[in-house]
Amino acid sequence: MRQFTHRIQVATRGKGLYEITGQIASWLEGSGIGTGLLTVFVQHTSASLTIQENADPDVIDDLNAFFGRLVPEDSRRYRHTVEGPDDMPAHIRSALTQTQVSIPLERGRLALGTWQGVYLFEHRSVPHRRSVVLHLLGEP
Amino acid sequence: MRQFTHRIQVATRGKGLYEITGQIASWLEGSGIGTGLLTVFVQHTSASLTIQENADPDVIDDLNAFFGRLVPEDSRRYRHTVEGPDDMPAHIRSALTQTQVSIPLERGRLALGTWQGVYLFEHRSVPHRRSVVLHLLGEP
Amino acid sequence: MRQFTHRIQVATRGKGLYEITGQIASWLEGSGIGTGLLTVFVQHTSASLTIQENADPDVIDDLNAFFGRLVPEDSRRYRHTVEGPDDMPAHIRSALTQTQVSIPLERGRLALGTWQGVYLFEHRSVPHRRSVVLHLLGEP
Chain A
2 MRQFTHRIQV ATRGKGLYEI TGQIASWLEG SGIGTGLLTV FVQHTSASLT
52 IQENADPDVI DDLNAFFGRL VPEDSRRYRH TVEGPDDMPA HIRSALTQTQ
102 VSIPLERGRL ALGTWQGVYL FEHRSVPHRR SVVLHLLGEP
Chain B
2 MRQFTHRIQV ATRGKGLYEI TGQIASWLEG SGIGTGLLTV FVQHTSASLT
52 IQENADPDVI DDLNAFFGRL VPEDSRRYRH TVEGPDDMPA HIRSALTQTQ
102 VSIPLERGRL ALGTWQGVYL FEHRSVPHRR SVVLHLLGEP
Chain C
2 MRQFTHRIQV ATRGKGLYEI TGQIASWLEG SGIGTGLLTV FVQHTSASLT
52 IQENADPDVI DDLNAFFGRL VPEDSRRYRH TVEGPDDMPA HIRSALTQTQ
102 VSIPLERGRL ALGTWQGVYL FEHRSVPHRR SVVLHLLGEP
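Residue numbers (the numbering used here), protein chains in the order written: chain A, 2 to 141; chain B, 2 to 141; chain C, 2 to 141.
By construction, these hints were calculated from the structure, which means they are not laboratory data.
Any given hint could be a false lead.
Identical copies go unnamed one by one, so any copy, or any two together, can satisfy a pair.
Said to hold, decoys possible - Using 25 Å as the maximum straight-line C-alpha spacing, the simulated SDA-like pairs for lysine to any residue come out as follows:
1. LYS16 x GLY35
2. LYS16 x ALA26
3. LYS16 x ARG125
Computed from a predicted model, the values in this text were never measured in an experiment.
This is chain A alone, in the form it adopts within the complex (with noise of 0.2 Å):
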C-alpha cells in the first residue's frame, strides 16, 4: 500500500461552480495507482466542494442561484459582518455543501457516475486563489 499528496490550486473569479475533475484526474494518472481510495479536501470555510452533474451547464447555474436565495446576503441577520456582506453567507453555504470527499480508485480511475463531475463551489464574490489537498491511498 502506498500513498502520495498533492495540491491544486484553483483560480476562482466570483460565486460559482468550477470544476476540478480533469486536475485530480490528471495528477491521479502519474501515480500509478490502479486500486485506491482518493480524499479531497479544501482549505477554507468561504469556498466547498460538491459532487455534481457534468452535463448541462444549467444545473450548476441553478444550485448556485438556489444558494443565493436559501442564505441572503442580508446583513442584518449576522454578527459577522467585518469581512464584508458575503462572507458569512459563504460560511454557512460551505457548511451546507463539503469541505471533503473521497472517492473510491478502480482500474486507476476515479469511480465517478457517468454524469458525476468534482467542483469547486466558490461562495465569494471576489476572486480568490483556492488550495485542495488531495491524498491517495492504493495498490498498482
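Given the coordinates of chain A, assemble chains B and C onto it according to the supplied hints.
Using the frame of chain A, we list chains B and C on its own:
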C-alpha cells in the same frame, strides 16, 4: 493492509430513504477485515447518502418531507427543466446531503452508534436502480 | 502502513458548536504518523460535524442561528415528536451538515487551512455526552 471494492444496486420506488446498512454489513462479513475504513460512494447526482436514525420510521418520513419543502419543485425557479420538474430539485437535495460517507470498522463491525443506519436518499419520483460503490481498507 | 482508532467524548451544554481540533491533535501527536488520513466520525444523529472558521466566534454563533431559522422547532411540521420539539429538527440539521469528515495528514499535522477548525455541532437543547470515533491510517 488490504483493500477491496464492491458494488451494490439499490432499487428505489420513488422519493424517500432506503436503508442499506444490512447490504453493506453482509459484504463486510465476508471480507475478513477487523479494523479498517469503509467508504460508501453513490454514483449519481439525483440520489445521495445520509446516516440517520433507524428506530422510528417517522424520522425518515419527516426528513424527506422537509427536503420537499426546502427545495420546491417549481420549474419557474430553475433553468434546467428538460429532465422533468423533479430533476433540478434532486440535484440540489443531493448537494445538501452526501455523495460519500466513510465509516471506521472496529472488531469487524461498522463503528455506527446504536441508532445510526446508512440510507440511500432517492430524490426522483420514478423508480430507479442506483449504484453504490463500496471501498474497504484494513487488516484482519 | 499502520492504523489506529480512538474515541473521544465531547460534553456539550446545549445547542452550538464545540471545537475539537485540539483534542484530535493531541491524540495524533502520540501516534507517530507523519503522512496519512484521519477520519472523524460522530456516532449520533442529533449532533454532527463541520469544519468552520476558528478566528471570529461570531461565525459559529451566526451559523448556529441560521440553522435555527432554517429548521424551525415547530412540532406541527413533524410526525416524530415523542422525543421533544428539538429532536426532529436535530436530525434534519445533522443531515444538512456532516456525520464524518476525513482530513489528510502531512508532516505529522492535519492539513487544515489557517482558519479551519473541526467542530462538533450539538443540535439538542439539553447537555449531552457525544461520542466521536477517530480512525488514522498512515506512515511515520
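The hints, checked one at a time:
no., hint, verdict
1, LYS16 x GLY35, "neither (35 Å within a copy, 35 Å between copies)"
2, LYS16 x ALA26, "within (24 Å within a copy, 33 Å between copies)"
3, LYS16 x ARG125, "within (5 Å within a copy, 28 Å between copies)"
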